[in-house]
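From first to last, the protein sequence lines stand for chains H and V.
Quick note on numbering that gives the first Met the number 0: the first sequence kicks off at 0 and runs consecutively.
Quick note on numbering that gives the first Met the number 0: the second sequence kicks off at 0 and runs consecutively.
Treat the hints with caution; some may be incorrect.
As the list claims (entries may be wrong) - Calculated lysine-lysine pairs in the DSS-like style (CA-CA distance at most 30 Å, straight line):
1) V:K38 <-> H:K134
2) H:K134 <-> V:K111
3) H:K254 <-> V:K27
4) H:K134 <-> H:K114
5) V:K38 <-> V:K111
6) V:K38 <-> H:K114
7) V:K111 <-> V:K27
8) V:K111 <-> H:K114
9) V:K27 <-> V:K38
Derived by calculation from the structure, the hints in this document are not laboratory data.
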Amino acid sequence: MTKAIEAHELRKTFGGEVLALDGVSFAVEEGTIFGLLGPNGAGKTTAVRILTTILAPDAGRGFVLGYDVVTQAEHVRSVIGLAGQYAAVDENLTGRENLTMIGRLNHLERAVVTKRAIELLDQFGLTDAGDRPLKTYSGGMRRRLDVAAALVARPKVLFLDEPTTGLDPQSRVDVWAMIDHLVGEGTSVLLTTQYLEEADTLAHRIAVVDHGHVIAEGTPAQLKADLGATVLDVGLASSDLARRAAAVLDSVGAKSPTVVGNMVELPVDDGPRVAMEVLRLLDQQSLVPTTFRIREPSLDDVFLALTGKRTETDDDEAADGQSDGKRRGRRAPAAVATTSDGGSR
Amino acid sequence: MSTTTITSDAGFAPALSPSLPGGGSRLKWAIADTVTITKRNLIAYTRIPESLFFSTLQPIMFVLLFRYVFGGAIHPGNGLSYIDFLLAGIFIQSVGFGGIGTAVGLAEDLQKGLIERFRALPMARSAVLAGRTSADLVRNVFVLLLMTGVGALVGFNFPNGALGFIAACALVLLFAYALLWGFAVIGLVASNSETAQIIAFPILFPLIFASPAFVPISQMPGWLRVFANNQPIGVVINAQRSLMLGTAHVPGSTAGYVIASLAWSVGLLAVLAPLAVWRYRRST
C-alpha cells in the first residue's frame, strides 16, 4: 500500500551552517492526519517545503503517493495542495480571483474553476466577501481563503503549515472543523503545529520534532500516556518548600516531579485521584500550597518530558508571538496576537 | 520504493487535475500559465493606487511639465519645437522608471510567499517571470499611448509621419522589455520592495538624465557628451528621434541609429533574461 507521504532521512542545511533537518523520517497513511509538532525553528516548515517540492533536500528522499519529490516533482505538484504561513494568497485580488487563478494554474477548465470557486467560497463562509480584495479581509478570513486555495484542485494530499498560528480561538476551531471534514472525504493531511492541543485534537499520529530530529512519534494517546496525560502544578511559598514538596511527591505521579522556582510540576495519569493524594501527602507534612491546579500538558511539558529541557526561549525574531510554549505553565494558547507573516524565511 | 499509479477509492471525490502535460501541450500550458499570471499582475496594477498613479497621472504630468515649464527655456535647434524633441525622451523616462514596479512587484511576491505557493503548483516554472514582464510590457504600451495622446494635444505633430512614429515606439518598447528583465533580477535579489527600489533608482537615474532625453547634449561638457550619446539609453533616444522626427531634424543615418539601438536591446535581453531565470531558480 502506497503511503500518502514518506520522508526518509531528510537532511537540509542552510547557508552551509544552519542545520534545519538532521535526518527526519516519518510516514503518513492515506486518509489520515499526521501532525508534525515542534517549536518554532524545529524544522517543520523546512520538511513541508521539501515534501512540496519547493526546496531540494541535501540528502534523504521524500515521496508523495509514491512519487519522488525531487525526480518526479511535477507529479507531486499535481496531487498536492499547500496552505500555510509562508504560502500566501494575493492580497490585491479578490477571494474569487485568487481561487480562479490557482485553479487555472492547476490547469483546470475555466468552467470547472468557476464552479469550484463558488463551492469553496460557500464552504468556507466567504461568499459575501468573495468579490472584495483580500486587503479588506480579517486574519481569519484570509487564512480560510488560504486553505480554500489549497483545495481548488481537490488534492489527494494536503500540507497545512501552521494553519492556525495567529488566529483567534473561534477561527482556530473553524479551521479545525474544516480539516476534520476534509479527512472525512478521504484527503490525507500533513499538519505542522506548535500547539499540542491542535495536534491532539486533529492528528491520528504525531511526530515531535526538535532541532531537525524526530524525538518521539506515536498516536496522541500513546504520547500522552508516555508523558502523563495531565500535569499538576503545585505552588509553594518558597523554592525550598517546593523542593521539600517534590521529595514528598516523588512516587505518586506518572513520572518524577520537576521543580521550577517555587512550583512543583507533576505529570500524572489520573488527575483528580492523584490530586487528592497529593493534597493529603502535603497536608501530612504541613506543606500548604499557595496555588494548585490540574492542566493538560503544554508543548513545553512534552519537550520537558522528552528532552529534559524546555523549548528554547531563543531570541529568534520569527518566534515573536508564536512561542507560547516558552511561557511556563500555559496551556496550549487561548489566543495569540500576531499576524502570520513572522518574516523569517 | 515503487511508483504506483494512483487509484481513487470509491466515495472519494476524484482529483480534478488532468493528466500531466507532455510534449506539445507543455508549451501550450506554459503560455496559458503566463497569460494567467499576466492577468493577475494587470489586475493588481489597477488596485494598487501607486501603480495606477505611476502609469496614468504621472506620465501626463511629466509631458505637461516639460512642455510648459522647462520647454520655454530649452531650445533643441535644428528647427524643432521642444515638444517634438521631448516626446522620445519622456517615453524612455516613463518606461524606464516604470520598470521599478517590476522589481518591487517581484520582491513583494517573494517576500509575501506568493512565489512559494506558485512553486508547489503544477504550473510552468517560466510563467512567473514571463507573466510579470508581459504585464509590464502591456503597461508600457498603455503608457506610451497615453503620452502620445497628451503629446498630440499639446503640439506634437508627428514630423516624420505615423510609420516612423510607430517604429520608434516599437524600438523603445523592445528596449524597455529588455530592461524589465534587469529589474526582475533586482526584484529577485532584493529581500524586500524597499531594497528593490533603492537598488534600481541609482542605476536608472544617471542613465536617464545624463542622456539626450530632455536637453540637447551640445550644452554638456565634452566628456559627458560622449557618455550621453553612447550609453544605451542615449543610443535608443537617438534612434527614436531619427525615426520620429526624420533625418531633416536629426543628423546621421537612421539605419545606423536603429541598428545600434537593436543591438543594445537584444544584447541586454540575451544577458538579463537568463540571469533573471537563473536567479529565480535558485531563490527560495
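Status of the hints after comparison with the structure:
no., hint, verdict
1, V:K38 <-> H:K134, "holds (18 Å)"
2, H:K134 <-> V:K111, "holds (13 Å)"
3, H:K254 <-> V:K27, "violated (63 Å)"
4, H:K134 <-> H:K114, "holds (24 Å)"
5, V:K38 <-> V:K111, "holds (19 Å)"
6, V:K38 <-> H:K114, "holds (20 Å)"
7, V:K111 <-> V:K27, "holds (29 Å)"
8, V:K111 <-> H:K114, "holds (28 Å)"
9, V:K27 <-> V:K38, "holds (17 Å)"
In terms of the numbered hints stated before, the structure departs from hint 3 and from no other.
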